[in-house]
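There are 2 protein chains.
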Amino acid sequence: MSPAIPSLSAAEAARAIRAGRLTCESLVTACLERIAARDGELAAWAHVAREAALAQARALDRQPARGPLHGVPVGIKDIFDTADMPTEHNSPIYRGNRPRADAAAVALLRQAGCVILGKTATAEFANMHPPATRNPRNAAHTPGGSSSGSAAAVADHMVPLALGTQTAGSVIRPAAFCGVIGLKPSFGSINRTGVKPVSDTLDTIGLFANTVEDAALALNLLSSRRIPDFAAKAAAPRIGFVRTSRWKDADASTHAVLDSAAKRLASAGADVRDAALPAAAEALFDQQGLIMNFEAARALAWEQSRHREAISARLLKRLDEGWAVSREQYDNALQTARDARRQFADLMRSYDLLLTPGARGEAPLGLASTGDPLFNRVWTLLGVPCITLPWGSGPQGLPLGIQLVSAIEQDTTLLAHAQWAATALG
Amino acid sequence: MSPAIPSLSAAEAARAIRAGRLTCESLVTACLERIAARDGELAAWAHVAREAALAQARALDRQPARGPLHGVPVGIKDIFDTADMPTEHNSPIYRGNRPRADAAAVALLRQAGCVILGKTATAEFANMHPPATRNPRNAAHTPGGSSSGSAAAVADHMVPLALGTQTAGSVIRPAAFCGVIGLKPSFGSINRTGVKPVSDTLDTIGLFANTVEDAALALNLLSSRRIPDFAAKAAAPRIGFVRTSRWKDADASTHAVLDSAAKRLASAGADVRDAALPAAAEALFDQQGLIMNFEAARALAWEQSRHREAISARLLKRLDEGWAVSREQYDNALQTARDARRQFADLMRSYDLLLTPGARGEAPLGLASTGDPLFNRVWTLLGVPCITLPWGSGPQGLPLGIQLVSAIEQDTTLLAHAQWAATALG
Numbered sequence: 001m002s003p004a005i006p007s008l009s010a011a012e013a014a015r016a017i018r019a020g021r022l023t024c025e026s027l028v029t030a031c032l033e034r035i036a037a038r039d040g041e042l043a044a045w046a047h048v049a050r051e052a053a054l055a056q057a058r059a060l061d062r063q064p065a066r067g068p069l070h071g072v073p074v075g076i077k078d079i080f081d082t083a084d085m086p087t088e089h090n091s092p093i094y095r096g097n098r099p100r101a102d103a104a105a106v107a108l109l110r111q112a113g114c115v116i117l118g119k120t121a122t123a124e125f126a127n128m129h130p131p132a133t134r135n136p137r138n139a140a141h142t143p144g145g146s147s148s149g150s151a152a153a154v155a156d157h158m159v160p161l162a163l164g165t166q167t168a169g170s171v172i173r174p175a176a177f178c179g180v181i182g183l184k185p186s187f188g189s190i191n192r193t194g195v196k197p198v199s200d201t202l203d204t205i206g207l208f209a210n211t212v213e214d215a216a217l218a219l220n221l222l223s224s225r226r227i228p229d230f231a232a233k234a235a236a237p238r239i240g241f242v243r244t245s246r247w248k249d250a251d252a253s254t255h256a257v258l259d260s261a262a263k264r265l266a267s268a269g270a271d272v273r274d275a276a277l278p279a280a281a282e283a284l285f286d287q288q289g290l291i292m293n294f295e296a297a298r299a300l301a302w303e304q305s306r307h308r309e310a311i312s313a314r315l316l317k318r319l320d321e322g323w324a325v326s327r328e329q330y331d332n333a334l335q336t337a338r339d340a341r342r343q344f345a346d347l348m349r350s351y352d353l354l355l356t357p358g359a360r361g362e363a364p365l366g367l368a369s370t371g372d373p374l375f376n377r378v379w380t381l382l383g384v385p386c387i388t389l390p391w392g393s394g395p396q397g398l399p400l401g402i403q404l405v406s407a408i409e410q411d412t413t414l415l416a417h418a419q420w421a422a423t424a425l426g
Numbered sequence: 427m428s429p430a431i432p433s434l435s436a437a438e439a440a441r442a443i444r445a446g447r448l449t450c451e452s453l454v455t456a457c458l459e460r461i462a463a464r465d466g467e468l469a470a471w472a473h474v475a476r477e478a479a480l481a482q483a484r485a486l487d488r489q490p491a492r493g494p495l496h497g498v499p500v501g502i503k504d505i506f507d508t509a510d511m512p513t514e515h516n517s518p519i520y521r522g523n524r525p526r527a528d529a530a531a532v533a534l535l536r537q538a539g540c541v542i543l544g545k546t547a548t549a550e551f552a553n554m555h556p557p558a559t560r561n562p563r564n565a566a567h568t569p570g571g572s573s574s575g576s577a578a579a580v581a582d583h584m585v586p587l588a589l590g591t592q593t594a595g596s597v598i599r600p601a602a603f604c605g606v607i608g609l610k611p612s613f614g615s616i617n618r619t620g621v622k623p624v625s626d627t628l629d630t631i632g633l634f635a636n637t638v639e640d641a642a643l644a645l646n647l648l649s650s651r652r653i654p655d656f657a658a659k660a661a662a663p664r665i666g667f668v669r670t671s672r673w674k675d676a677d678a679s680t681h682a683v684l685d686s687a688a689k690r691l692a693s694a695g696a697d698v699r700d701a702a703l704p705a706a707a708e709a710l711f712d713q714q715g716l717i718m719n720f721e722a723a724r725a726l727a728w729e730q731s732r733h734r735e736a737i738s739a740r741l742l743k744r745l746d747e748g749w750a751v752s753r754e755q756y757d758n759a760l761q762t763a764r765d766a767r768r769q770f771a772d773l774m775r776s777y778d779l780l781l782t783p784g785a786r787g788e789a790p791l792g793l794a795s796t797g798d799p800l801f802n803r804v805w806t807l808l809g810v811p812c813i814t815l816p817w818g819s820g821p822q823g824l825p826l827g828i829q830l831v832s833a834i835e836q837d838t839t840l841l842a843h844a845q846w847a848a849t850a851l852g
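Quick note, the sequences are listed as chains A and B, same order.
Position 107, counted from 1, in the first sequence is what the working numbering calls 107; the numbers after and before it change by one each time, with no gaps.
Each number in the working numbering comes from the position in the second sequence (counting from 1) with 426 added on.
It is possible that part of the hints are untrue.
Straight-line Cα separation of at most 25 Å, DMTMM-like style, residue types lysine to aspartate or glutamate; simulated pairs [claimed, not checked]:
#, chain 1, residue 1, chain 2, residue 2
1, B, K743, B, D626
2, A, K233, A, E282
3, A, K233, B, E754
4, B, K659, A, E328
5, A, K263, A, D274
6, B, K659, B, E459
Read the hints as simulated data drawn from the structure, not as lab findings.
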C-alpha cells in the first residue's frame, strides 16, 4: 500500500477511483492502516468501523460512481446518529447506544457513495468536557473541540473528510488549531436530523478538509449548494478586515498573521479596508453564550433528570447557568441577534468577504481545555458562513489560521473567494 | 369513579389533587376508563401506557406537589421520543422503536409531576398521510392532523392536556376541527430535542387544552414563559382583523363566525380595525410549502434511502417535490421569510392581537384527508404565537374556531388577551 494514499485530497482520491487508478478498498485500507499506526497516540476516533467500511468499500468498487465523492471515506463526529455503529456523545449515559436510523447527513453521504469510516471523538455532548484526543501537530496540545476527533483525524490524514458541528466555535477553532480547513456553512445549510442538539438556534453542521475544493464538494453533496467554478478566474474580492472589539484578546502571533494576510491579499489585488462590526453584532460576543446555555439546559433535560450524576461537573455548571437565565433575558438576546443579522446584512453590501481571527492563538498546551471559542461566537449566532484557512504558525510552532466570513447563504461565493485567498496567500 | 373527573381542566384537577379532594391515581384511572370506553371508535391513541401511568400516579400521590400541574395526565404525539414506550411516527419503518431517552419536553413534564398517559396518533411522520383517528364531535369526520390523536383525545376528555407539533397547520387546524384550544407558541418556545424533525425552520411544539389557563400553565412549564395574571382586569386589546388575500378560500360559515367575533369583541370594548398583511407576509402562503418540502426531503433522507417502499405514496410525492426545489429557490424563500418577519414586527406596533381564520371551515367528511393548512402557513413561517378558540359551528354542526395571533415572543400577552376574548365571546 502506498504510504502516499492517505495524503490524497477527497477530490483527488475520488478522481483516481473513477479513473481506475485507485480502488475504494485500497483507500479505506490505507486510512485504516494510518489509524492503526497513529490513533493509539492521538485518540481521534471513538469508534472505527473497520469491517463495515471495508465491506462498503468493496461494494462501491463494484458500482459505477454515484458522484464526485464516490469511494471517499468520511469521519463522523460521535453526536451524529448511525444505525450500524454506536453513538455515544462522549457520555457514559449513552454507552452502547445504537440508534434506529442514520442522521440525515450520514444518509446523504452514504447515498453519494461515501464510506462511513467511523465515529470521531467529541467533547461530552459537543460541549466543553474534552475527549482524550491530542493535536497531531504536537501531541502535548489540545486539538481544540468539541469536534476534536474530526479535526485531528483530517489533520493527520487518517481520513480526507470529516463532519463536525459548531454551536460556539467547535468547527473553526479545532480546524485552526490542527492546521486544516474548517467550514461552518450558513445556519441551516446541512440538515440536522439525527444530530444530538445543544442549541437549536446555534447548532450548525460543518466540515473538515485539507482543500477548499473538498469542502465545496462535500457542502454541495450535503446542502445542494452550488460548487464554485474553481477553474474560472475569480475577481479579487472586496475584503473588510474586522478586528472586532476583542482584538486585544488575540495574541501577538494572531495579530501578526492577520495583519500580514491582509497585506498579502491586498498585494494580490483585493480591496482590503478596515471594517467594524455593527453595534448589535458586537453585542453577540456576550449574548451567544447566554442563548447556548439556556437552550442546552433544556435540550439535556432528560439526562439531567435521570442521569445527573453521570454528567461532568463542568457541563452541569453550564447547564445550571442556563437554568438561571430568565426567558426575558433569553428573548432579549434573540431580539439582539435578529437586529444584528439585519445590520450585518447591510454591512455586507460593501464587502464580499470579511477577514477576522478564528481563534485567539495557537492550540493551548495540555488537554484539559479545548480552548476559547471567543472569536467564533458572533459568526455562529449571526448564522453566516465562515471558513478557516491554515496560515502561519504561533510561538510553539503550532498552526494558526485566518477566518473568512461572507453574508448569509453566500457559501458558494465564500468558497470561491477562499480558494482565491488560499492561492494569494500561497 | 365520578364520570365528571375527566371533564376537569388540568388546572382544576391539579388544584383538587393539591387540596386532597382527588388523587392522581383516580384521575388517571378515570382517563383510562374513558379511553377504554371510547378509543375503540376514535383511535386517538397509538399507545396507552396503562400500567406505567398508574404506577407513576401512585408515586406522585405519595409526593408533595412539584408544581401547578402535579398529577395531571398528558398525551404525547407519537413523534416525541419516550424511553419507556414505543415511538413509531405512524410509520412501519419505526415499528417497535424504543428510543434511549425521552424528548426534552417529555422530561420536563415528568419532572413537573405530570403523568405521561401514552402516545397519541399522528399522521405519518407528522405529515399528511392520516392515522385512523376520528373526530369526537362526529366520527364520520377527520379530527384534522397531523396531531390528530392529541386533538381528539383532549376534545373527548380522555386527557386534559396533550402535546402536538405544527409545521404547516398541525396544531391549530385539528384543535379547531375538534373544538378545543390549540396553542402554537412562538417558534423556539419549547425545546424540540427528541422530536422527529420535519422542517427545522418550521417545526413548533404546541399544546391542546380545554381552557386558556391550562395552555398557559403548560406553556410556562415547558418554555419558562410567564403565566399571565388572569385575575387582573385585562385592558381591551387593539385587534387587527386580518382576512388575508385567501379570505375567499374560507367558507361562508367561517366568514360569518369571524365577522360576528369581530363585532362581539368590539362590543366588549376592543378597538377592532381591518388590517392587511404586509406584502412579504402574504407571499408566505406560497413559500411555506416550498420550505417544508425542501427540508422534509432531507430530514427523511435515511428513510428514503433504506425504506422507500415503506413510505406512503402521498408522502413520497411531497418528498420528491422537495428534491425538485433548488437551493436558490429555497434560499429565496428564506429571505422572503426574513423580510416578512421584519415587516410583520412593524405591523404589530399598531395591534396587540390579530383576528384571522384558523381553518377554511369545519372538519371535512371522511378520514382520507386531514384538511387544508392554508390559514396556518403564514403564521407558522413567521414564527409568531397563535391560539385557536372554539366558537360557533359549521353547516354540519361541527365546531369552528377563531385564530388569534400576536407578535413574536409575546406569548404571555397573547394568552392574556385570549382569555379576555374567550370571556367576551362568552
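* Asked: Taking each numbered hint in turn, which are not upheld by the structure, reported in ascending numerical order?
  -> As far as the earlier hints go, 2 and 6 are violated by this structure, in ascending order.
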